[in-house]
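Participant: From the two separate chains plus the hints, produce the assembled complex.
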Amino acid sequence: MDVATVIFFSLAALLIGASLLVVFLRNVVHSAMALVAALFIIAVFFVILQAPMVGVLQVLVYAGAIMVLFLFVIMFLNLTASEPRRRAWLSFAGVSTLLLGGVLSAMLTQTEPAADPVAATELFGSPEMLARNLFNDFVLPFEIASVLLLVAIVGAVVLAKRGS
Amino acid sequence: MIVDFAIIAAKAFIVLFMVLNLAGILGWIERKGSALIQDRIGANRASIFGFAGLGLVNTLIADPLKFLTKEDFIPPAGDKFLHTLAPCMALFPALVIFAVIPFGDVLQIGDRLINLQVANLNVGILYVFAMASLGVYGIVIGAWASNNKFSLLGGVRGSAQMISYEIAMGLSVIGILMVYGTLDLQEIARGQGTLIRELLPQGLSFLGGLVGWLPAWGVFLQPLAFLLFFTAAVAETKRIPFDLPEGESELVAGYHVEYSGGKFLMFFAGEFAEIVTAAALVTTLFFGGWQVPYLMRDGFYFPWGGQWLLPHLAVVGLQVGAFTLKVLFFCWLQILLRWSVPRFRYDQVMRLGWKMLLPLALVNVLITALMIVAAQ
Numbered sequence: 001m002d003v004a005t006v007i008f009f010s011l012a013a014l015l016i017g018a019s020l021l022v023v024f025l026r027n028v029v030h031s032a033m034a035l036v037a038a039l040f041i042i043a044v045f046f047v048i049l050q051a052p053m054v055g056v057l058q059v060l061v062y063a064g065a066i067m068v069l070f071l072f073v074i075m076f077l078n079l080t081a082s083e084p085r086r087r088a089w090l091s092f093a094g095v096s097t098l099l100l101g102g103v104l105s106a107m108l109t110q111t112e113p114a115a116d117p118v119a120a121t122e123l124f125g126s127p128e129m130l131a132r133n134l135f136n137d138f139v140l141p142f143e144i145a146s147v148l149l150l151v152a153i154v155g156a157v158v159l160a161k162r163g164s
Numbered sequence: 001m002i003v004d005f006a007i008i009a010a011k012a013f014i015v016l017f018m019v020l021n022l023a024g025i026l027g028w029i030e031r032k033g034s035a036l037i038q039d040r041i042g043a044n045r046a047s048i049f050g051f052a053g054l055g056l057v058n059t060l061i062a063d064p065l066k067f068l069t070k071e072d073f074i075p076p077a078g079d080k081f082l083h084t085l086a087p088c089m090a091l092f093p094a095l096v097i098f099a100v101i102p103f104g105d106v107l108q109i110g111d112r113l114i115n116l117q118v119a120n121l122n123v124g125i126l127y128v129f130a131m132a133s134l135g136v137y138g139i140v141i142g143a144w145a146s147n148n149k150f151s152l153l154g155g156v157r158g159s160a161q162m163i164s165y166e167i168a169m170g171l172s173v174i175g176i177l178m179v180y181g182t183l184d185l186q187e188i189a190r191g192q193g194t195l196i197r198e199l200l201p202q203g204l205s206f207l208g209g210l211v212g213w214l215p216a217w218g219v220f221l222q223p224l225a226f227l228l229f230f231t232a233a234v235a236e237t238k239r240i241p242f243d244l245p246e247g248e249s250e251l252v253a254g255y256h257v258e259y260s261g262g263k264f265l266m267f268f269a270g271e272f273a274e275i276v277t278a279a280a281l282v283t284t285l286f287f288g289g290w291q292v293p294y295l296m297r298d299g300f301y302f303p304w305g306g307q308w309l310l311p312h313l314a315v316v317g318l319q320v321g322a323f324t325l326k327v328l329f330f331c332w333l334q335i336l337l338r339w340s341v342p343r344f345r346y347d348q349v350m351r352l353g354w355k356m357l358l359p360l361a362l363v364n365v366l367i368t369a370l371m372i373v374a375a376q
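Residue numbers (this note's numbering), protein chains in the order written: chain A, 1 to 164; chain B, 1 to 376.
Next comes chain B alone, as it looks inside the complex (with noise of 0.2 angstroms):
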């Protein structure tokens, strides 16, 4: 009982622990990319004992304490209260978000199994996006307490923003959900561990030399689903080309306008947040989650012939450590993605939601379920 109370309390430690030191070190690697992109040198002033480090002691360090010693500033006119709530609204959803992701499958240790999730649900999938839809609220509360215009219209922005891509981003899951039958992301991260050579019907068996040595992973299962969420997830974290909430040029910072000191950070944090939880659900749904193509429960297997028999704690290193380069890639891409695109303008972010990647997404269902029911 207590043991199986602090192993729990060990994983939530752990997958928080992970989350917001990554978020915070996402904030170097954004400062240090966008100067790497843009031909500067960023980040490089502050040093403890004359060591810079890259410009990593900056913004592990300097700049935490920075924003939590500067004044903490509410328009006299907003709404205290809510102000104040607005900040641990938005940072909440992308920190409980990481509960049902699978970071690894079974650990054994001695008679104990231990799955390396931290929330077994078999309700996964849906318990994101409620999870994600709570969101708005960060936004939306953030904005109308500031009581200022500009931040207003950055939240009525947002909101109708993560409302229409959330829309699309669940319709664009399901066709995951038909392939593997599951809504458990452990399950589906599971079902990604066999071969394509073993899932293909009758009629399709000659194209087992083509790509049948191909790991079952959700992107080659379902290209344009995971097109479509990896779009639509960019743009529920409202970072660029999808930024209009913020919108410099119009709206000043948008949603986060009358907001200083710990409070931006915090906000700041839960877009960096946002991120790690967008990668990790890319990962976990199109790449196989904590998959290592070919690894088995002890050892590799592939499909050319040969196997190489591994340890159990080896295999789970494995695993967890290919979760993590998996979740860092899909990171720093959206990083890559923020400094090399331009804004979209509002109308054309509403045009893409609504007209592009909501029928893409149905078009997407329809024949996956064509394809299921020919398969069977």
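Next comes chain A alone, as it looks inside the complex (with noise of 0.2 angstroms):
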């Protein structure tokens, strides 16, 4: 095994330990910083996987933006103590994981592997190439995502607006 492959797993483990974290954990904050960790590991794989751009963007987004709303919410309404567990839920979670697996396993292994799965050239993952990528070909698909950024803020001022 090079050191790559080591690396590879001992991060998979890393991310598989926290995300088993974030649902066993009884305080939400815990499982909240649990997930944090995660997402960090998330942008870790990004890198080694010569997307830079995408690593950054998901600990600046995801890890730096959308868990501290998480934390202000839970830290706002004092969600400290998690209800307890219900036997119903446990099982339809049991069912749930084991049919995803089933499919992501059956995936995997019909798909034949890439021959050349790093096939990186210089401009791969750079900001030049996503940004050639998103304002040209994607340039409607862009824009539109963006109105809908707009149209969610809208909203959501219009409702806190119309509470007081």
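Any given hint could turn out to be false.
[Stated by the list, open to error] Result set (DSSO-like, lysine-lysine): computed pairs, CA atoms no more than 30 angstroms apart in a straight line:
#, chain 1, residue 1, chain 2, residue 2
1, A, K161, B, K149
2, B, K66, B, K80
3, B, K70, B, K149
4, B, K80, B, K11
5, B, K70, B, K80
6, A, K161, B, K355
FYI, nobody ran anything at the bench for these hints, they're computed from the structure.
Facilitator: Structure, rendered in structure tokens:
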């Protein structure tokens, strides 16, 4: 096993550990912090896969902004004591985990891996490449997504104003 | 392979060593500087064998020893694990941001070229913002884990303030990215090595005699962006006039009210490390980074004619020295600011961030875009 494989599997083990902690920790703030750790490790995976731009954006958007808002809500509502687990919930989660695991493993074993998985050019994963794709080929979906976000912001402000 | 690894390790060690020690010395500058401003003597009591050294002994040796030997109090109703983790998370971002800040151009030893930057990322500036955005956790988690109303209020204030000013900070940098056309901090520093004369479009060449001799530093090309960025950076360090998260008169000490001993020292050191980081970022983005005006790779070339050739090591030494001096200047400026202006009210902080800095940053982006299109 070369160094890259060792790093990959140790990171993967960490990621699975952190993700399990998100689900199984009783304290909501602890779960949120475990989720931050998991998102951070995913960002490291993006960097290893030669996409540092996506990795950095992952930290910036998910770990740095969205999770802070999660924590905000948890703290304001003081949701520290989680409610007891329900059995129906657990069995539902178990069944869906098994189904998802089955589908994923079926997909992984069915498809042939690409002959040369790292066909990385100089520009691969660079901001230039990303911008060229985003603003030429996908400019319409990009703009629609930004309008969608704007609608969501305006909607949130309207709802907040009506309450007061 | 081994040599490459050793070079990276050495660069990382040197940068961390400089930042942490500078943070310590800034503690002394803050105490003596505030004493100077307020017409006091300042720290002068501790001495080693009769040597008091202008109070330097206090802040560099006596204070840390005192912090480390004090009782480490954890609130019984608080969260032990997160209470311990929070100071580490507060110190972490300010230190790792330095990985992408270039402190010199390329150093050549024999055949080996050493880029004077710990990690050369092509998304350097985004990395800076990603790591800075993690700085919120130290405050929020520390505040929550203390299980104290004052600290929780401080933490909520701190996180709201940091998120608000991150947006203004990010938008103010966009102008710089448009002018130099890269996200790589080393390339931004290199881009500031030319003269404004060479960047002027045809229609504006009559300005060449007036400002053409200036180096193409960010502050000359993007003066508004510099003011916005510096204001937002000071707000991110949570110091006066933006120290509402601590606000002694209302919140006792805000998010670190339940911290003592070594953990408080980490918050304290984190604040000074943030000052150094902010100074280094302002230097790199707006004041040429390691550039010395008119210094090229092999010596000075003055715009009014004449040149002065220098050996390679002298050029690199001048660059690293210039970077250090600029960083020290902005550290000092932040400390001067902290002891010169009063604290804002919280609504004023929010209004400044959202209603002044954010629209101005957007206007700056728009004007920059129009100028670039007009110049083409």
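Participant: Does each hint fit the structure? Answer for all of them.
Facilitator: Here is what the structure says about each hint:
no. : hint            : verdict
1   : A:K161 / B:K149 : holds, 27 angstroms
2   : B:K66 / B:K80   : holds, 23 angstroms
3   : B:K70 / B:K149  : holds, 24 angstroms
4   : B:K80 / B:K11   : violated, 35 angstroms
5   : B:K70 / B:K80   : holds, 18 angstroms
6   : A:K161 / B:K355 : holds, 18 angstroms
Going through the hint list in order, the structure does not satisfy hint 4, though it satisfies all others.
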